[in-house]
Amino acid sequence: MDKKLLGYTILGALFTFLTGTLLHFTYEWSGNNSWVGLFSPVNESTWEHMKLLFFPMLFYSIISCFLFHLPSTKSMPEKAKTFFAHLKGRYPCICLGNALGILLGTFSIPVLFYTYSGILGTHCLGLDIAVFLFSVALGFFFVFYAAQKCAGKRIAGLIYTGLAILLFCFIFFTVSPPNLGLFSPTA
46 MDKKLLGYTI LGALFTFLTG TLLHFTYEWS GNNSWVGLFS PVNESTWEHM KLLFFPMLFY
106 SIISCFLFHL PSTKSMPEKA KTFFAHLKGR YPCICLGNAL GILLGTFSIP VLFYTYSGIL
166 GTHCLGLDIA VFLFSVALGF FFVFYAAQKC AGKRIAGLIY TGLAILLFCF IFFTVSPPNL
226 GLFSPTA
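Residues 46 to 232, numbered by this note's numbering, are exactly what the sequence shown covers, in order.
It is possible that some hints are incorrect.
Stated by the list, open to error - In silico lysine to aspartate or glutamate, DMTMM-like type, Cα no more than 20 Å apart, as pairs:
1. Lys133 / Glu73
2. Lys133 / Glu123
3. Lys194 / Asp47
4. Lys124 / Asp47
5. Lys126 / Asp47
6. Lys49 / Glu123
7. Lys48 / Glu123
As the list claims (entries may be wrong) - Simulated restraints, written as ranges between beta carbons of each label pair:
8. Lys48 / Ile216: 22 to 30 Å
9. Gly134 / Gly226: 40 to 48 Å
10. His114 / Thr167: 28 to 36 Å
11. Asp47 / Ser75: 17 to 25 Å
12. Phe104 / Tyr161: 46 to 54 Å
13. Glu123 / Gly226: 46 to 54 Å
Simulated from the structure, these hints should not be mistaken for lab results. The beta-carbon is built from N, C-alpha and C at its ideal position, and this holds for glycine as well.
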């Protein structure tokens, strides 16, 4: 097992969990700023809570993929150069794995939420948090797997297009949500 890939994966999961947790409150903390609402939940709907995973994981992925492709500079610490060079060289599909992980993790939130709340007939905060944690773990497990196997390489364009469409939908549906259950507050 590659400890550097494992470390990258665990660091990403921790970053996503902590940042996503903070994002839950940033819209309110900002005084309901509409710009902050584009990447933070603006209500208690399932759709808005999908942002808690999507945006932190997207940010982590963009920054890390940028660093994979950044030429080594003298200002970058030697350990960082070695770390990113190792991952880029050994796992050429790691950025694609990130994209797949984001999609899988994000869409697992409504699937898991509606499954458990449908079975129980209600929802509870503890299980909602567990759904978020599990979805983050699932997304990064897939990053780990896909980076090693180059999963999805033949449909990379479709995967990146799906990611871009989902980003557009988060922005558009924050401003103009449809009258559907996924967009209705649950609390």
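Now the hints, each set against the structure:
{"no.": "1", "hint": "Lys133 / Glu73", "in the structure": "violated (39 Å)"}
{"no.": "2", "hint": "Lys133 / Glu123", "in the structure": "holds (15 Å)"}
{"no.": "3", "hint": "Lys194 / Asp47", "in the structure": "holds (13 Å)"}
{"no.": "4", "hint": "Lys124 / Asp47", "in the structure": "holds (16 Å)"}
{"no.": "5", "hint": "Lys126 / Asp47", "in the structure": "holds (17 Å)"}
{"no.": "6", "hint": "Lys49 / Glu123", "in the structure": "holds (15 Å)"}
{"no.": "7", "hint": "Lys48 / Glu123", "in the structure": "holds (18 Å)"}
{"no.": "8", "hint": "Lys48 / Ile216: 22 to 30 Å", "in the structure": "violated (37 Å)"}
{"no.": "9", "hint": "Gly134 / Gly226: 40 to 48 Å", "in the structure": "holds (46 Å)"}
{"no.": "10", "hint": "His114 / Thr167: 28 to 36 Å", "in the structure": "violated (47 Å)"}
{"no.": "11", "hint": "Asp47 / Ser75: 17 to 25 Å", "in the structure": "violated (40 Å)"}
{"no.": "12", "hint": "Phe104 / Tyr161: 46 to 54 Å", "in the structure": "violated (28 Å)"}
{"no.": "13", "hint": "Glu123 / Gly226: 46 to 54 Å", "in the structure": "holds (52 Å)"}
Against the hints set out earlier in the document, violations occur for numbers 1, 8, 10, 11, 12.
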